[in-house]
Amino acid sequence: MISDLFTVTVLIGILASGIRLATPYLYAAIGETFSQKSGVLNLGVEGQMLLGAFAAFYVSLTTGNLWLGLLTAMLVGALMGLAMAYVTVNLHAQQGISGIGFYLFGLGMSDLLFQKLMGTVETVKGFPEIYIPGLSDIPGIGEIFFSQNILVYGAYLLVPLAWFVLNKTTLGLKIRSVGENPDAADSLGVSVARVRYFTIILGGVLSGIAGASLSIALLNVFQQNMTSGLGFIAVALVYFGGWRPVGVLGGALLFSLINSLQLWIQVLGIPIPSDIAVMMPYVLTILVLVATVSRVRSPSALSKPFEREN
Amino acid sequence: MRSRLNALFDALLPVLATLAALGVGAIMLIFLKVNPVTAYKALWDGAFGSSNAFAETLVKATPLLLVALGICISFRGDVINIGGEGQMIIGAVLATWVGLTFTGLPGWLAVTLALVAGFLGGAIWGGIPGVLKAYFSVNEILSTVMMNAIAVQLMNFLLRGPMIDPSQAELASKIPQTARLLDAFRLPRLAPTRLHLGALIAVVLAVAVYILLWRTTLGYRIRAVGQNPNASRYAGIKVQRYMVLALLLSGAFAGLAGAVQVYGVNYRMITDGSSSGFTGSAGFNGIVAALFGQLHPLWSIPASILFGALLVGANKMQRVVQVPSALVIALNGLVVVFVVSSEILRKRRQRRRLADDETPPVAGSAANQSTQAETGT
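Protein chains in written order, with numbering that gives the first Met the number 0: chain A, 0 to 309; chain B, 0 to 376.
It should be emphasised that the hints constitute simulated quantities derived from the structure, not laboratory data.
Worth double-checking, as some hints may not be accurate.
Cβ-to-Cβ under 7 Å is the rule here; a few derived chain B residues that face chain A [stated by the list, open to error]: (1) Val-14; (2) Ile-140; (3) Val-144.
27 Å max Cα-Cα, derived BS3-like pairs, lysine-lysine [claimed, not checked]: (4) A/Lys-303 <-> A/Lys-115; (5) B/Lys-40 <-> A/Lys-303; (6) B/Lys-346 <-> A/Lys-303; (7) A/Lys-115 <-> B/Lys-40; (8) A/Lys-303 <-> A/Lys-124; (9) A/Lys-115 <-> B/Lys-237.
If you want the ones that stay clear, here's a sample from chain A, every Cβ over 10 Å from chain B, calculated [stated by the list, open to error]: (10) His-91; (11) Gln-93; (12) Ile-149; (13) Gln-223; (14) Gly-246; (15) Asp-274; (16) Val-282; (17) Ser-299.
Positions of the beta carbon are idealized from the N, C-alpha and C atoms, including for glycine.
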């Protein structure tokens with residue numbers, strides 16, 4: 000039975016779905032990287048994702064326009080980010096706890112809207128796989144890398160883009176300085192508040208896309224609490240990746256490949272209890288956090304509200 | 000006089016935050032084309048309308064209070080415990096195992112042992128992230144969330160396999176549940192309602208936690224580490240040890256909540272695959288209640304009753320005006336956001352008070368801070 004795992008078809012299947020499953024983690028975790036780099040811990044990612052997932056699904060279902068759905072998800076994420084920014088930047092609220100508040104809000108709100116506006120689980124035809132002439136036809140490689148939908152590609156393009164913005168642009172420098180030493184940044188004329196507003200709202204938009212990628216690109220359904228902890232794992236991946244987009248990519252791939260392996264183990268009926276298999280990615284994340292976290296330093300001002308001293 | 004007014008204002012802040020959240024809820028209800036007055040009336044009736052309703056509210060408030068007590072300890076120690084769900088589950092699993100294994104014991108002994116087992120189970124599940132935080136600097140928010148996911152899968156595995164009800168194991172349906180506890184092993188009822196002894200235990204423990212935090216060295220040290228770890232280290236407190244203890248105790252109370260839920264309400268464990276299926280999200284809502292009670296064990300009592308009432312009332316509201324009870328979860332989230340946001344008002348007033356006093360600033364502020372640490376406001 001175990002040997003069933005090592006056929007070429009199955010391996011290709013595991014890799015292809017692993018690549019695909021990393022998508023929501025990448026969007027959400029890259030967004031969280033931006034906000035944490037600027038010193039803001041956003042624990043509301045899960046709630047933003049749920050509302051994004053619902054908005055994208057509902058708009059796609061009623062208008063038939065997936066892009067409009069995606070846009071709505073981004074808008075909803077941006078609004079959630081705006082609220083989070085106001086509460087943490089202007090009101091100096093404890094970030095971890097207000098994040099839990101936004102999580103509960105998103106959890107309840109998406110469920111409420113789902114029950115009121117839809118009531119039953121429906122499906123949409125999500126973003127189709129993109130056929131790239133030539134590349135998609137390569138045996139194995141084509142199936143793994145070049146037969147995915149647009150949101151999957153977008154997630155992987157986001158990684159170098161985020162690296163570039165954070166490390167090679169003035170904006171990135173401002174974000175990092177605000178997260179490391181807000182007092183110094185402030186005295187050099189950088190608006191700490193403006194930078195943090197930008198990163199938190201950007202994080203919200205990306206979380207919205209992360210939710211949409213679940214509901215209109217990967218699973219093509221909406222259910223209550225469909226993210227089931229995915230947003231919290233995205234936050235963990237930021238620590239895991241040492242606040243670097245490439246590290247986040249590594250973590251997301253590791254996590255989703257193990258998840259995909261776990262799914263295939265169930266599909267093939269290999270006698271490992273499915274509950275134990277589902278547990279594995281979480282155990283692994285803890286172990287890797289133990290192994291890596293103490294080596295990488297978090298942004299110095301992370302989760303500290305900034306207040307100018309008079 | 001002025002200080003008493005200030006204290007009153009501070010105590011009223013969370014109430015104002017709740018009213019604000021209900022106000023937002025009313026706007027949402029209007030958008031859903033529901034009369035908010037009718038909806039909130041149904042909610043009130045569902046929570047307080049009859050002695051049965053009120054008993055249900057207290058039954059719902061019991062696990063919230065127990066979790067909230069743990070949260071008071073950990074948050075006072077500046078350790079964020081998001082793992083209440085998982086800790087409840089592990090506590091309940093261990094407690095259930097005790098009750099199903101030692102069937103020969105007298106009832107009172109079995110129940111006592113089971114509650115202790117629940118306490119220990121939660122302590123283990125909270126202690127692991129505590130050790131990871133103190134000695135491996137793993138962020139406890141993340142590890143407790145992971146531990147939640149692991150606990151759910153462990154519960155699902157045990158209830159489908161090793162701990163499944165023998166009669167279910169023979170059936171094709173194989174409902175993932177344990178066997179029912181013996182009748183003698185139930186927590187006694189307090190009135191001809193579903194109200195059980197667990198509620199009384201929780202209230203007694205609230206007093207105990209108050210004493211622990213403000214009348215014992217252990218509690219003083221946990222709070223000292225929470226307020227200023229560096230100063231505590233210089234004062235010779237083993238900071239890491241108290242971080243672990245804060246999370247461990249916090250988990251223990253959540254574990255006890257899980258055990259009380261099994262022995263007072265369900266009399267068995269059953270899973271729908273999710274954690275909220277067993278906990279009713281008490282692990283999260285307990286955080287809300289503790290924050291609302293300003294992380295004070297005694298204030299957590301009315302706070303838990305309030306949120307118990309909201310949750311119980313939401314079901315009635317759902318039946319009467321067809322508004323999904325999920326509305327109350329969203330409102331709970333808003334209450335949390337409003338409560339933490341309103342902290343700034345308290346801080347501003349405090350600063351203004353200090354500035355007004357015109358006493359030598361160093362001595363004045365130090366005295367003020369130390370009294371705060373004593374009373375915990």
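Verification of the supplied hints:
no.: 1; hint: Val-14; result: violated (17 Å)
no.: 2; hint: Ile-140; result: holds (6 Å)
no.: 3; hint: Val-144; result: holds (4 Å)
no.: 4; hint: A/Lys-303 <-> A/Lys-115; result: violated (39 Å)
no.: 5; hint: B/Lys-40 <-> A/Lys-303; result: violated (41 Å)
no.: 6; hint: B/Lys-346 <-> A/Lys-303; result: holds (16 Å)
no.: 7; hint: A/Lys-115 <-> B/Lys-40; result: holds (20 Å)
no.: 8; hint: A/Lys-303 <-> A/Lys-124; result: violated (43 Å)
no.: 9; hint: A/Lys-115 <-> B/Lys-237; result: violated (53 Å)
no.: 10; hint: His-91; result: violated (6 Å)
no.: 11; hint: Gln-93; result: violated (5 Å)
no.: 12; hint: Ile-149; result: holds (30 Å)
no.: 13; hint: Gln-223; result: violated (8 Å)
no.: 14; hint: Gly-246; result: holds (15 Å)
no.: 15; hint: Asp-274; result: violated (4 Å)
no.: 16; hint: Val-282; result: violated (6 Å)
no.: 17; hint: Ser-299; result: holds (14 Å)
Of the numbered hints listed earlier, those contradicted by the structure are 1, 4, 5, 8, 9, 10, 11, 13, 15 and 16.
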